[in-house]
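Enquirer: Here the first sequence stands for residues 1 to 111, where the numbers follow the working numbering.
These are calculated hints, taken from the structure and not from any lab test. As the structure is a prediction and not an experimental result, all values here were calculated from the model. Check before you lean on any hint, since a few could be wrong.
What the hints assert, rightly or not - Per label pair, the in silico range of CB-to-CB distance:
1) Ser5 - Val96: 19 to 29 Å
2) Arg36 - Asp12: 15 to 25 Å
3) Gly20 - Ser106: 29 to 39 Å
4) Pro76 - Val96: 29 to 39 Å
5) Gly97 - Ser5: 27 to 37 Å
Each residue gets a CB set at the ideal place from its N, CA and C atoms; glycine is no exception.
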Amino acid sequence: MKNYSFYEQVFDVVRAVPYGRVTTYGAIANYLGAKRSSRLVGWAMNISHGTLPPVPAHRVVNRQGLLTGKSHFAHPNRMQELLESEGVAVAGDQVVGFNDIFWDPSSLDRP
DNA sequence: TGAATGACTCGAT
DNA sequence: GATCGAGCCATTC
Numbered sequence: 001m002k003n004y005s006f007y008e009q010v011f012d013v014v015r016a017v018p019y020g021r022v023t024t025y026g027a028i029a030n031y032l033g034a035k036r037s038s039r040l041v042g043w044a045m046n047i048s049h050g051t052l053p054p055v056p057a058h059r060v061v062n063r064q065g066l067l068t069g070k071s072h073f074a075h076p077n078r079m080q081e082l083l084e085s086e087g088v089a090v091a092g093d094q095v096v097g098f099n100d101i102f103w104d105p106s107s108l109d110r111p
């Protein structure tokens with residue numbers, strides 16, 4: 001059983017993202033010790049739809065702050081709606097002040 | 001078992 | 001400074 005597979009770790013990190021903050025795939029992968037595995041993080045989000053508790057994938061953006069995964073939401077605009085609902089300004093498909101609201105999982109106390 | 005996939009990142013031109 | 005291509009890793013069929 002691999003219930004706590006690499007994906008579970010990604011979900012846990014994404015769910016740890018504070019309200020009104022965003023993180024990047026690379027930051028999560030780096031926190032897990034595989035900065036090169038940024039693609040795995042994206043794939044983890046792909047299966048996170050039926051995962052509980054829900055994973056705030058809308059808080060995960062690419063290194064440029066672009067909502068690359070918005071197309072995978074129920075509705076492409078849903079990701080922006082959720083971000084704006086949390087006070088995160090989004091211009092076009094990019095997070096405004098991304099560098100300011102960027103949250104690094106390394107900030108957490110690692111066991 | 002081997003090959004394929006992917007919501008990214010980095011380096012080079 | 002911007003654009004293009006290749007690489008990387010873990011999971012799944």
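Enquirer: State the violated hints by number, sorted upward, taking the hints as numbered earlier in the document.
Expert: Hints 1, 3, 4 contradicted; others consistent.
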